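Sequence order for the protein chains is C and H. Using our numbering, you'd call the opening residue of the first sequence number 8 and step up by one each time. Using our numbering, you'd call the opening residue of the second sequence number 24 and step up by one each time.
The hints are simulated quantities; they were obtained by calculation from the structure and are not laboratory data. Predicted model, so just to flag it, every value in this text is computed and none were measured.
Stretch by stretch, here's where chain H covers chain C in the computed footprint (C-beta under 8 Å, at least three residues):
| hint | segment |
| --- | --- |
| 1 | 24 to 33 |
| 2 | 81 to 92 |
| 3 | 107 to 118 |
Cβ atoms here follow ideal geometry from the backbone N, Cα and C, with glycine treated the same way.
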Amino acid sequence: MDLSPLYELYMYANTPLFMYRRFREVAAVERLAKDQSAHDLVAAWNMYACKQERTVEDEVRAYAALVALSFVEDYQAVTTALAAAHMGVLRWDMDIKDAVLRFRSPVVSVVLSAPRPQMPGPVFVRPGAYADTASNVYLIDKSAHGQAHCTAASSAKDRSPTVIQVSGK
Amino acid sequence: MIRSKIAFLADGITVDLHTRLLTAYNVRDLINAASFPLVIPTIVFAVILERDVAIDNDVVACSVRILLDDQSVMDAPLDVKFDGQPTVKIGATINGVFVGQPCHMVATLDSDGRELARYELDIRLSAVPQIVQTSGGPQ
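Starting from the given sequences, assemble the full structure and let the hints guide the process.
Structure (structure tokens):
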């Protein structure tokens with residue numbers, strides 16, 4: 008495993024979350040999760056993090072194994088494996104473990120189309136006549152004389168009617 | 024028992040690939056419309072559900088409902104899968120909600136007759152803008 012990009016990230020990472028995100032962007036870390044099981048990754052963590060004379064490379068390898076757990080799909084396998092992990096060994100191990108467990112909640116995304124309601128069409132009202140309708144669009148014959156009376160049905164009473172003057176034929 | 028941690032309507036949401044954290048933009052507490060009828064082209068109903076892993080099912084049959092003045096205009100089924108985890112984030116993008124008049128809009132996520140999440144907002148007619156004729160301008 009090529010450690011150089013991880014080593015560089017580890018050197019200038021100033022927060023655990025920064026390191027977690029940047030490690031996840033390294034393809035080698037994702038590949039670790041594909042090649043090894045959650046149990047193997049935790050075993051690698053225990054081996055490198057708990058070394059007696061630990062080097063920086065060991066710490067990088069240990070964190071890489073821990074972050075790789077975030078790519079393991081099976082949540083139960085991850086929680087079971089992590090129960091056997093020795094924590095409190097490295098500075099940010101608890102934070103990274105938290106991120107591995109918390110930052111993986113599934114996302115359900117769905118696109119729905121609201122049905123278009125059947126709206127009543129416009130109603131033609133002759134002057135002097137009454138219209139009782141669910142429509143709130145009234146066409147008034149402007150060529151005739153007299154006043155048109157529009158009485159909206161109960162379902163349309165709270166709507167403000169749209170009155171359009173047209174030439175009635 | 025399954026419960027919602029948060030529910031809201033927004034113009035859009037994004038989910039961080041690495042952290043799965045949800046970011047919403049233009050969370051709506053009110054819609055001001057210049058005229059009616061109105062079609063809301065896109066609105067997202069976002070919900071974060073939480074469950075007790077030991078008790079609650081991993082897959083929950085839900086339905087997304089949109090009500091305008093207590094009248095149901097949409098009722099769509101949605102299977103929510105927790106994938107063994109305690110929380111799940113739901114983003115239901117709803118296209119083309121037809122609103123005939125000013126009303127009270129309610130979005131709910133129901134399961135088995137129980138309301139898991141609810142968000143409400145008003146859709147109002149905004150003040151009619153006036154065009155003011157001013158003198159001058161480019162010659």
